[in-house]
Amino acid sequence: MTAAAPEPKVNMGQPVPRYDAAAKVTGRATYASDMPLDNPAFAFLVTSAIAKGRIDGFDLDDAKRVRGVIDIVTHENAPKLKESKLFSNGGYAGTTIQPLKSADIAHDGQIIAVVVAESYEAAREAANRVKVSYTATAPSATFDSPGTTTAAAKGQSAQFKEDPEVGDFAKAFDTAEVKLTASYETPTQHHNPMELFSTSCVWMGDNLVIYEGSQFVYGLKNGVAEQLGIDADKVRVVNPYVGGGFGSRGSMTPRTAIIAGIAKRLNRPIKLVPTRDQGFTITTHRAETRHEIKLGASRDGKLLALRHEGAEVSSRPDAYCVGGTKTTARLYACPNVASLVSIVRADRNTPGFMRSPPEVPYLFALESAMDELAVKLNMDPVELRRINDTTNEPIGGKPYSSRSLMACFDEAAKAFGWAQRSPQPKSMSDGEWLIGYGCAATCYPTQMAPSAARVRLQRDGRTRVEIAGHEIGTGAYTVIAQTATERLGVPLEKVAVFMGDSDLPPAPVAGGSNSTASTCSAVMMVCDQIRQRLFKAVMPDSLTDKAKETVGISQAPATQAAKSDRPLDIEKAFNALGVGVVEEYGEWKPEGAPLDSFKAMHSGQVRIVGGHAMKDQIAYAFGAEFVEVRINRFTHEIRCPRLVGAFAGGRIMNPRTARSQLMGGLIWGMSSALLEATEIDERNARYVNDNLADYLVPVNADVPGVEVIMLSEQDDHINPAGVKGLGELANVGTNAAICNAIHHATGQRIRKLPVRLENIEV
Amino acid sequence: MRPFSYQRATDPAVAVQALSAAAAANDALTKAAAQPLAGGTTLIDLMKLDVMRPTAIVDINPLADGWSAIDPGNDGLRLGALAKMSDVAAHEEIQRHYPVIANSLKLAASAQLRNMATLGGNVMQRTRCSYFRDVSYENCNKRNPGSGCAAMDGVNRMHAVLGASDQCIATYPGDFAQALVALDAMVEITGRSGTRNMPFSELHKAPGNTPDIETTLRPGELISAFSISGRWPRSVYLKARDRQSYEFALSSAAVALDVREGTVRDARIALGGVATVPWRAREAEAVLKGQKFDDGLAQRVADAAFADARGRRHNSFKIALGKRVVARALQQAVTMEI
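Keeping their order, the protein sequence lines are chains L and R.
Remember, this note's numbering sits 710 above the position in the first sequence when you count from 1.
Remember, this note's numbering sits 126 above the position in the second sequence when you count from 1.
The hints are simulated quantities; they were obtained by calculation from the structure and are not laboratory data.
The hints are all genuine.
Some residues of chain R that are not near chain L, with every Cβ distance over 10 Å (derived):
#1 Pro138
#2 Gln143
#3 Ala149
#4 Ala182
#5 Gly317
#6 Ser327
#7 Leu343
25 Å max Cα-Cα, derived SDA-like pairs, lysine to any residue:
#8 R:Lys174 - L:Ser743
#9 R:Lys174 - L:Phe768
#10 R:Lys174 - L:Ser829
#11 R:Lys174 - L:Gly778
#12 L:Lys841 - R:Pro129
#13 L:Lys1136 - R:Gln370
#14 L:Lys1136 - R:Gln458
#15 L:Lys841 - R:Gly274
#16 L:Lys774 - R:Val261
#17 R:Lys174 - L:Asp772
#18 R:Lys174 - L:Asn1401
#19 R:Lys174 - L:Ala759
#20 L:Lys1462 - R:Arg439
#21 L:Lys811 - R:Ser262
#22 L:Lys774 - R:Pro129
#23 L:Lys774 - R:Ser262
#24 L:Lys841 - R:Thr156
#25 L:Lys774 - R:Leu175
#26 L:Lys841 - R:Leu172
#27 L:Lys841 - R:Ile170
#28 L:Lys1462 - R:Arg438
#29 R:Lys157 - L:Asp772
#30 L:Lys774 - R:Met127
#31 L:Lys1136 - R:Gly422
#32 R:Lys157 - L:Arg777
#33 L:Lys1136 - R:Phe443
#34 L:Lys841 - R:Lys157
#35 R:Lys174 - L:Leu906
#36 L:Lys841 - R:Phe130
#37 L:Lys841 - R:Pro271
#38 L:Lys841 - R:Ala159
#39 L:Lys1462 - R:Asp279
#40 L:Lys1136 - R:Asp421
Remember, predicted model here, so these are calculated numbers, not experimental data.
Beta carbons: idealized from backbone N, C-alpha and C, even for Gly.
Sequences and hints are given; from them, build the entire structure.
Printed below as a string of structure tokens:
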């Protein structure tokens, strides 16, 4: 075992290497834009240079003269498309702003023309020669810009139904011995996955194949079909590998149906590869947020009152919000809680999911405030969390299905050397570097969604698993193959997994960290159907019921079923059945899933359940993160030499891929705290640093020490796989941990991200 | 990117001829129809972005045989313009006798870029101003003379506080040039009438009323070498930036000193990340020269270096930062073991 392949603890699978490792490191993994096309034409987008106004006209003469140009599509001649509603309103779209529909401009970088040419270079050159005349009006850029409107999220957002509250906050806060009121701010951020937002569309008669990196092939398939007004069965989305998503590929963007429509009209495959800067405006982003936290506590640190107000920026037409108060209102024992989420409308494109959408901004606020409270109480911040740890969430009183928060704090504190921290701010240094230690809690809801799978077992043990899941870099192929191996008792190298294709049995969106829990539960169930058939074939009738019970086709947790498993002689079973192949298809849904779950699953609609919204319990994964920051006395440069996180996520399917996920999360958390922000020119509501040279993400030298500790945790109440999902767990607490460490290093409390050297005063 | 012709120049005369032939007499060098290609790390980017639209590319890499010498002698140093940044940074004698040069190169860009980029191309790299590099912004006096400056009242955290005009506040982005300007380097220029030498400090032009004219080079002229007299073992390059590697300076200082018995006999200070051109801080040097070094003096020198600095909405912090960087670089240079 190595650092990359940690020794499995109790309730962890084997750290087998990635199923797709060799294909990826040798460049043989085919991403959407790698798919060979027969005689494609190439599309290049023209995007708006204003954020609000109208297009008066185009001068296309110069562009049309470029050799190889086939067509230039604008709102005047674009294919007519039907509207799709927002994903949260029963549709598929991440935005209801549909470009090329009229001369109106609703945000910076909106698609206003598509140039199609015989080569990418010709299309790009012609796009550069398109001249546009606009009538611009003054846009509202963000918070505090003139012309924005603000209203409570509740009542306008389908995603946000209730501001959680309990008890009497006002009274409790008023009388609390120790009080804190503080405001926090987080910036706009963009996902910037490595793979650009490419789309290729190929028509074969009335059938459309779309090659596009997507986190939800069923959603995209149904959404594009709806926009084109065709039967969804005629649309297929293919993407065996996705070059990162982080939420940006979760809902449909307008580009896909546009490209499909043009391909149909030109009767030719079309390949679109937008640029990095276009990716900033043709998809979604994490909206900027503001928070006010009020905490009231007793002298001994017991929380008595908590109020969290959040505000988020969205577009004019769409009431998108993440509303993280659903988590922050429930994280600690506190009898009096109030909250309010508001949405601020500006002339921007609609924001969307970005890794841990609610928790990243809202826990930054709460976990910073907890640290501030600990300072006020002169208390170790770890102890403040311990005092307020709880087995039941305070709003509805439901029990946490399992909660290892303090175990994570203790493990991480030990590994980090928290005991060596001298609590006084500005008390630790090393030469020209001030040193600060900080910590924060992290958590993410455990979520599941309905999923189907098909599994085929051959006599020689070769196994084929088919599921329209998504390999977004997380290790999905690997853990699904491991699941089949474990359930069917076949060697890993005999298992082939097929994903990323909407012709396969439906799987949920790869979002909300639900993939492993959902897809592995479905694959387990279908493998058990196979086992049951085989058992039936070899067991006397009288034992069939018993056999059925032992293979656990119900929702019995994996570990329990495994315990009572008996070895199965596949050869004998196949002989008895008299067949060469056994194939099973099945549809799994989590407890509490709505009645229309399976119907919705096939039509690409999300039915995620879990987190705080479960009937008799609340399910979250937890962790604790400790960081060391160093601040240069002279340059005020902020560096983060050590990040240590301990996490508990139920069953860990594969400690290797899980560690990699968590490590990536910690690094991103650091990046979010210190580097990442999309700069907005407030005069014109445009993004300025829309490239990877100016939108900074960490390089190797920024993360010399990252340590991931995975705790053994068993939770039999969440899903058959016993999995909590940890893709979005690790990048949540880091923002606060770093600001808390900066306070320890400098005595200075920074409440606005990202923290840059000019914010440090020492 | 727009179509262009491509020619490999097999000797300097061919290169000069090819670059001159396509040039109109009044062209600013940056707008010249023919552009030389060395490492390509700036030019190709700007062509893709449609910021530069040359119709002819003259690949000067075949001249590397004669133009990539790294030649440290007892009396001074000669560096060929086509030497790779990484080769110079790794050269043992450069590290020993000119640490300011080795470090300015080592702290620039990424390993991959340093392997491609040449010294001549490096000093000619163009500003990273976001508004300059995005043609959808009409207002850029550097790109479209007379159109205004979007950065002046826009997002200007990375922009210059020294050497700016009311036409342009774009920062000169490089590192190596600060070392050259500090060490009074000469630059050798090869043109139609052979080679000429001029002080490196005369190569770059502050924006003034013509921010589109960035250097004194004329179309058809190529940088062929740099030379520095003497050795500067007591020299440092200090660079403050947002991340630990692969990032432009928010503020940097190239400092070279001659200190004997605590007294500064000679001092060279140049500033990066804060100015529109590689910035020699002569007033600051004057404060330092002939004095006994202490922290108070370092502070006065730093204040002098930024006496004329002018901040705008997002970049004012660079003045205080720049002063601390200068003071710290001086302390490092004074205390370094040589």
